[in-house]
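> Here are the chains, one letter per residue:
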Amino acid sequence: MTDPAASTRESVRKERPITLRPMAPIVPPVNVSGRALIVVIAIMAFLCAVTLGTVTMVQEKAEAWQGDVSREITIQIKPEEGLDMEEALAEVRRIVLAMPGAASAEIVDRASTARLLEPWLGEGFDMDELPVPRLVIVTIDEQAPPDFAAIRQSLAGAVPAATLDDHRAWSGRLIAMARITVLIGVGILALMLATTMLTVIFATRGAMAGNRHIVEVLHFVGAETGFIASQFQKRFLLIGLKGAAFGGSLAALAFLLLGAWQNNTMATALNDQATALFGRFTLSAAGYFGIVGIIILISAMTALTTRLTVIRTIREIDRQRADPSLAEIG
Amino acid sequence: MIHFENVGLRYGMGPEVLRDLTFDIPKRSFQFLTGPSGAGKTTLMRLLFMSLKPTRGLIRMFDRDISVIPGEELPLLRRRIGIVFQDFRLLDHMTTYENVALPLRVRGKEESSYRSDVIELLKWVGLGERINVLPPVLSGGEKQRVAIARALIDQPEILLADEPTGNVDPPMAQRLLNLFIELNRLGTAVIIATHDLTLMDRVNARRMILSEGRLDIYD
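Chains as they are written, first to last, in this note's numbering: chain A, 58 to 387; chain B, 49 to 267.
Keep in mind that the hints were calculated from the coordinates and are not lab data. Keep in mind the model is a prediction, meaning the values are calculated, not measured. Glycine residues also receive a C-beta, built at the ideal position from the N, C-alpha and C atoms. One or more hints might be untrue.
To be verified - Negatives, chain B to chain A, calculated, CB over 12 Å:
#	residue
1	M49
2	N232
3	R255
As the list claims (entries may be wrong) - Using 16 Å as the maximum straight-line C-alpha spacing, the simulated EDC-like pairs for lysine to aspartate or glutamate come out as follows:
#	chain 1	residue 1	chain 2	residue 2
4	B	K101	A	D375
5	B	K157	A	E281
6	B	K191	B	E177
With the hints as constraints, model all of the structure from the sequences given.
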């Protein structure tokens, strides 16, 4: 006789639905070598982004310098016998302002002149006892600068003791210096990018070495090279993005925090020293875009290296096929 | 279907491990490949799977000379062959089900189209209760059955099995043999490399005996 309970148990067992987990990805999720790769990429992205940010800052600083110098010209009046200095200064100011292209003209007053000379002559000297030249600083319209020759000519007629310095000599030196500084910065950035790319390539190939058996199995069960390459590429693009986004964001955050610190601690000794040494840690929009560019570049390089490594691995398998001496003896 | 003519193979500058092999594997045929250890059975299986090229002679697979088949066409030809590797070659991050489904997945098939077939085949090889288990947890015999199921899942035109019953008990060996016979009845040519004389005695099939690199065939 059949046991009804046993029969029920049997039918329950037979009808029990099979639950499957969601299909595992063909390339396994991040393992130890994948995590190490994320860390390497993050560090290199951070260093690269810091270098790029610094170069951008130097370049913008150099441009600002250059702008400051070429925005101004100086007219110097040397003291002469019988010259009424205050009147001469006013005359020079009037002549200059009458010229098209001169935005403003400011006479450096006696107190400011004394301050300028303080490092050499000390405090409390009597300006009247020394033949101290006086200055008029003229701000010019950069887009439509005045005719310097015409100013010189007018000044020679009205105030012969006045000489015009258009800062061309200083400007030339500063432009050269700024160019060299930016060039050095770009050179360092190029080296940094090359190092990052090589590190990313070798680290990716190292991480891929542990996946050779997967490439082999997929190849032998009939997967085409493009399919295998795209599977690995997707996984490693994610690894590259994670690492590069982490490192790049950290660098951007560092610039933001340093800038905020400088703004909030103005006029303190530490801030003054840091600013004198490194300048302002303010990154422009171009700098932040550059960091985003680095993140994209590193991620793309990781994905491309993976693709090429898979293709090379499959070629190696096929080369063993063509040359049995390379294969394991079976 | 497969034609070997004066095929020889040597590794590097060493002696020929396979010499003057000339034979045919007809469609729907069933054969055992046997011989002492080191006779070159695995090497011959690799030649049949196109993972090695001969150093001399001619091999034609599916009416194509394999020496001139471009690399990119090999995966497509291999899709017509099911292979059971001696070392199984399962992917450890995939469950039994996922490993067996892998050949169909790489062919771009939808999971819903093969799900029931994979489960049914796994039940057939006695792994119905191990569907969600990862290979590191499986015994040697279970891994072997997963490898067999993976080779059979897409009903290949040729099945190559290297020692497919080496790790299972006699009843399971008989069950797997029945599976191969059934597959052969449905039209697949079967080549089983084995040392197991008992297994060979159970089927009246062609025997290909490799000895010192030479092949003798007993129909």
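> Hints first: check each against the structure and report whether it holds.
Structure-based check of each hint:
A cut-off of 12 Å between C-beta atoms confirms that M49(B) is not in contact with chain A; the least separation is 18 Å. Its beta-carbon lying about 21 Å from the closest one in chain A, N232(B) satisfies the requirement of being farther than 12 Å from that chain. The claim that R255(B) is not at the interface with chain A holds, since no C-beta of that chain comes within 12 Å of its own (minimum 21 Å). This hinted pair checks out: K101(B) and D375(A) have alpha carbons roughly 10 Å apart, not beyond 16 Å.
Of the pairs offered as hints, the one joining K157(B) and E281(A) holds, with about 14 Å between alpha carbons and a cut-off of 16 Å not exceeded. Taking the CA atoms of K191(B) and E177(B), the gap is near 14 Å; set against the 16 Å cutoff, the hint holds.
Checked against the numbered hints given earlier, this structure breaks none of them.
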